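Chemist: The chain contents come next:
Number of protein chains: 4
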Amino acid sequence: MRLAFNTWVYSSFPVWVPSYPLDETIRRLARIGYDGIEIGAAAPHAYPDYLDDAARTEIKRHLDDNGIVVSSMLPAPGGGPGFNVASPLEAERLNAIDQYKKVAKLCADLGGKTLLYVAGWQVFGTRTEQAWEWSREALIDVAAYAADLDVTVVVEPTSADSNLVETCDGALRLMRESGGSNVKVMFDTYHCLYRNEVPTDYVYRMAKDLGHVHLADLNRAAPGDGKVDYKALIAALRDVGFDGYVTMEIGFDTRAVEPDNVARRAYEYIKPLVAGTA
Amino acid sequence: MRLAFNTWVYSSFPVWVPSYPLDETIRRLARIGYDGIEIGAAAPHAYPDYLDDAARTEIKRHLDDNGIVVSSMLPAPGGGPGFNVASPLEAERLNAIDQYKKVAKLCADLGGKTLLYVAGWQVFGTRTEQAWEWSREALIDVAAYAADLDVTVVVEPTSADSNLVETCDGALRLMRESGGSNVKVMFDTYHCLYRNEVPTDYVYRMAKDLGHVHLADLNRAAPGDGKVDYKALIAALRDVGFDGYVTMEIGFDTRAVEPDNVARRAYEYIKPLVAGTA
Amino acid sequence: MRLAFNTWVYSSFPVWVPSYPLDETIRRLARIGYDGIEIGAAAPHAYPDYLDDAARTEIKRHLDDNGIVVSSMLPAPGGGPGFNVASPLEAERLNAIDQYKKVAKLCADLGGKTLLYVAGWQVFGTRTEQAWEWSREALIDVAAYAADLDVTVVVEPTSADSNLVETCDGALRLMRESGGSNVKVMFDTYHCLYRNEVPTDYVYRMAKDLGHVHLADLNRAAPGDGKVDYKALIAALRDVGFDGYVTMEIGFDTRAVEPDNVARRAYEYIKPLVAGTA
Amino acid sequence: MRLAFNTWVYSSFPVWVPSYPLDETIRRLARIGYDGIEIGAAAPHAYPDYLDDAARTEIKRHLDDNGIVVSSMLPAPGGGPGFNVASPLEAERLNAIDQYKKVAKLCADLGGKTLLYVAGWQVFGTRTEQAWEWSREALIDVAAYAADLDVTVVVEPTSADSNLVETCDGALRLMRESGGSNVKVMFDTYHCLYRNEVPTDYVYRMAKDLGHVHLADLNRAAPGDGKVDYKALIAALRDVGFDGYVTMEIGFDTRAVEPDNVARRAYEYIKPLVAGTA
Chain A
1 MRLAFNTWVY
11 SSFPVWVPSY
21 PLDETIRRLA
31 RIGYDGIEIG
41 AAAPHAYPDY
51 LDDAARTEIK
61 RHLDDNGIVV
71 SSMLPAPGGG
81 PGFNVASPLE
91 AERLNAIDQY
101 KKVAKLCADL
111 GGKTLLYVAG
121 WQVFGTRTEQ
131 AWEWSREALI
141 DVAAYAADLD
151 VTVVVEPTSA
161 DSNLVETCDG
171 ALRLMRESGG
181 SNVKVMFDTY
191 HCLYRNEVPT
201 DYVYRMAKDL
211 GHVHLADLNR
221 AAPGDGKVDY
231 KALIAALRDV
241 GFDGYVTMEI
251 GFDTRAVEPD
261 NVARRAYEYI
271 KPLVAGTA
Chain B
1 MRLAFNTWVY
11 SSFPVWVPSY
21 PLDETIRRLA
31 RIGYDGIEIG
41 AAAPHAYPDY
51 LDDAARTEIK
61 RHLDDNGIVV
71 SSMLPAPGGG
81 PGFNVASPLE
91 AERLNAIDQY
101 KKVAKLCADL
111 GGKTLLYVAG
121 WQVFGTRTEQ
131 AWEWSREALI
141 DVAAYAADLD
151 VTVVVEPTSA
161 DSNLVETCDG
171 ALRLMRESGG
181 SNVKVMFDTY
191 HCLYRNEVPT
201 DYVYRMAKDL
211 GHVHLADLNR
221 AAPGDGKVDY
231 KALIAALRDV
241 GFDGYVTMEI
251 GFDTRAVEPD
261 NVARRAYEYI
271 KPLVAGTA
Chain C
1 MRLAFNTWVY
11 SSFPVWVPSY
21 PLDETIRRLA
31 RIGYDGIEIG
41 AAAPHAYPDY
51 LDDAARTEIK
61 RHLDDNGIVV
71 SSMLPAPGGG
81 PGFNVASPLE
91 AERLNAIDQY
101 KKVAKLCADL
111 GGKTLLYVAG
121 WQVFGTRTEQ
131 AWEWSREALI
141 DVAAYAADLD
151 VTVVVEPTSA
161 DSNLVETCDG
171 ALRLMRESGG
181 SNVKVMFDTY
191 HCLYRNEVPT
201 DYVYRMAKDL
211 GHVHLADLNR
221 AAPGDGKVDY
231 KALIAALRDV
241 GFDGYVTMEI
251 GFDTRAVEPD
261 NVARRAYEYI
271 KPLVAGTA
Chain D
1 MRLAFNTWVY
11 SSFPVWVPSY
21 PLDETIRRLA
31 RIGYDGIEIG
41 AAAPHAYPDY
51 LDDAARTEIK
61 RHLDDNGIVV
71 SSMLPAPGGG
81 PGFNVASPLE
91 AERLNAIDQY
101 KKVAKLCADL
111 GGKTLLYVAG
121 WQVFGTRTEQ
131 AWEWSREALI
141 DVAAYAADLD
151 VTVVVEPTSA
161 DSNLVETCDG
171 ALRLMRESGG
181 SNVKVMFDTY
191 HCLYRNEVPT
201 DYVYRMAKDL
211 GHVHLADLNR
221 AAPGDGKVDY
231 KALIAALRDV
241 GFDGYVTMEI
251 GFDTRAVEPD
261 NVARRAYEYI
271 KPLVAGTA
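Protein chains in written order, with this note's numbering: chain A, 1 to 278; chain B, 1 to 278; chain C, 1 to 278; chain D, 1 to 278.
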């Protein structure tokens, strides 16, 4: 079980500032002690269209120099192009699938093995069953592409922000229906809280299918500054033999934040639990 | 002085849901009584790349059928592609300029005359002077393109979200430095509140250069549900001879909102002030 | 469109006190002006096993004397016997189905035509698909029984309290899968709020399948003391031709309440909207 | 003095979810370290009618395997059947008495020695003296039955939820009037808080008649997360020679809870006080 940190709070998504270049972000997270970095595929960090081969090589070298690896990558849904795989607009759906593939490629280029999949959301006028079908088809398409890159796609329930895959069983169902051997599931404690559900329930039910974990507390606060029972969560992850990345996805929903501060607080709170020294 | 309503709260930007198709949004705002609609250039409403000529013609007819006009359009900065005209990434800057031009074209195609300009923001590591220069150059480029379409570009100070053009004078300075005869300024009461400034001060200082106004109260609440003095504001607009659109840009920063409710409450509160019946 | 009031706040469910006998409750609601009363099937009001034929005849006469009708009835899930139709315990599932039938019979005996259906909830260790299947089978069984009594069964999404049927489309799907011609759907604004969804979306999507409506605001407050847009809601109900009961289900989750007070406040706020005088 | 934990927060009473099967609940509480488990007689855990002899034997073996004993059992009043021993409905009163006997039998079958007695509540229209008389008669009946099973009945003042036995002296008076040698009293710090009374006052006044104790803080929070002085409380219990179970009855009034978290926090806070190591 290793620790990683998600870059949103250092980027311009979804809140524009504060914003740091990717190289600066890599250096800071490595210095705090994180094993991995989860890079969001948004400007100014890692929008695929903005990064040519030379830029990717440079980022990879910078990661190596700092002794930190890419734990995972994820798209930035909801902005201008939307990237909603369940959109009623065919043009948006096609572009979303294309974007997921570009992010999978970028992920592999940077040495990453895990791509997060947000199943999209239902726009008024679209039936749930139709939205689900579009999302399922997109997942199948993306997963097949990612398989060739040796990248695993993990489906995340995002109840706080969306209305299609909101639960543990919803994510498992989409995973199963995709049929892909490189498709797994993940969860984020923040979305558990939105539904008033228990994070360890997710661990035990996802078990061997669990490929990734996000930690965040109420209001996207750092672990230890909220109400989630992390001691039980880490113990449960150990119970099921989880060997992926426990990743902080915190602090990014407000301009009123010091990125290094939340990154360090989270690390200092969780590291001893994972190391078995607390 | 006419009333318009900004579509964010009906769209997937910045919060993914609730989300309504554009035709449904047009119908609802027209029924409430708005003269104009400010359309955000984001999926699923109006991302330029997703709308071919046929789609634009169809939207235009739907607007006409409902007796409502496009008051203005604006981009959706901060999402995946960023669209930060002051980004340290050249690829992002070029794409941002291109996107503003596409939105200007779409605006003209739909009968609109006003394009909002967000001056971008300074990423850590970029000097203010450099960011300003990039923003100024982008504005000059976009304004020249828009002039041929008979579209006016209005510079908006966005202090709550950015760090480059944050004030009344900052917007006026960028406008002047652009040199474009089709460049004006605008302001949003929400950003005035963020700086604890007085909205009527903006009216009197922008005066003849004022091309557009956004209304929103604390936490993006509807006018009447907060603390701004709208009676004074409307009176000040009348004083300076403002003949543009007073546009509500409200409710969009949370999933916990009924879009029609904030749209109607805002209309019912402001309409009598504008009509001189309250 | 008629107005009804749910009896929980006058009963011992879920909070034990204040508690009034059913005859007293009938008299008070009729005096305030309600057309209908929604009776909860719990002691001391209307637990079927406690009411023999004579008692039912007496209640019916009392209703007639006071000029008020039974708009609907509903079970009281979650107490000792549970009545969870999706329980992992077979004994509980069978008893739940039996209880729904008893309530349907009691409803018909008192002149009511509508039975609410809570689809149950998923206990840890039960898969969603299994819980759904049990709930679907129970609904089919109950609906067939109710059909002979000329009683319609309405499926309610109860997101704030359960985890199986939480959404508009979930309720519609269960309804369709039941195949019963006397099965419809309903919704409660309180549960919309829990999911941060828009009540009018439910109206337009349920439309002709909408058989019943519950009104309640944040914290089960009376309409007018919260944030729901009732003006839009009543207008939407009129749009789709709804001719059932708009029923207040409020105030019951705390001992700190005056039942008559919330009943009267709700009536005075909603009546003019329904009557078209506000 | 031993520590026990009440199962409500793991069950569907009074809030439906989260909900865990009884065997899972037993396993978790034993692992945390509790000596005893207080089982609520509600679905899906232990509604007597749902548990045949085979099921009871299986539960007993599971308890033994996990090294934890049944400290006590209690009914689930207020649900559909009410189980209010002071109800104006004779059918409900008779059924309540019957239910208490069934729970006493189940308690004995599982090896438990203590049955909690909620004295019921006064419904509008019933005189206090009448309600009291019904409750007294019920207690006499139940206690006689329990005596043959070697089960002690403890009367609990429940001021926060009821209006008949609300105080220390009320409980003692009902106990004395029952005349049963296997009738004692208990108290819950949560109900002391509701009346703004001092928990140690209850200890010293109940003294040798004190058979059981519930711990819970403001809003049913875990000990240590509220305002009660547990150090003084445990000391007072030691003063009077209390040798029963100190039982946590916490967290169950909201869906927003992680059961293991409150169970462990409570244990870690109280255990050192009881062990004399803090």
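Incorrect hints may appear among the rest.
In this list, chains with the same sequence are indistinguishable; a pair is considered to hold if it fits within one copy or across any two.
[To be verified] 25 Å max Cα-Cα, derived SDA-like pairs, lysine to any residue:
id: 1; residue 1: 105; residue 2: 197
id: 2; residue 1: 227; residue 2: 269
id: 3; residue 1: 227; residue 2: 256
id: 4; residue 1: 101; residue 2: 27
id: 5; residue 1: 231; residue 2: 267
id: 6; residue 1: 60; residue 2: 169
id: 7; residue 1: 227; residue 2: 267
id: 8; residue 1: 113; residue 2: 18
id: 9; residue 1: 231; residue 2: 110
id: 10; residue 1: 101; residue 2: 91
id: 11; residue 1: 105; residue 2: 54
id: 12; residue 1: 60; residue 2: 276
id: 13; residue 1: 227; residue 2: 253
id: 14; residue 1: 60; residue 2: 278
id: 15; residue 1: 101; residue 2: 194
id: 16; residue 1: 113; residue 2: 239
id: 17; residue 1: 113; residue 2: 194
id: 18; residue 1: 101; residue 2: 125
id: 19; residue 1: 113; residue 2: 145
id: 20; residue 1: 231; residue 2: 23
id: 21; residue 1: 60; residue 2: 91
id: 22; residue 1: 60; residue 2: 126
id: 23; residue 1: 231; residue 2: 17
id: 24; residue 1: 60; residue 2: 170
id: 25; residue 1: 231; residue 2: 67
id: 26; residue 1: 105; residue 2: 255
id: 27; residue 1: 231; residue 2: 124
id: 28; residue 1: 231; residue 2: 241
If you are wondering where the hints come from, they were derived from the structure by calculation, not from laboratory data. What you are looking at is a predicted structure, and each value in this text was computed from that prediction instead of being measured.
Chemist: I'd like to know which numbered hints this structure contradicts. Please list them from smallest to largest.
Modeler: 1, 4, 6, 8, 9, 12, 14, 15, 17, 18, 24, 26
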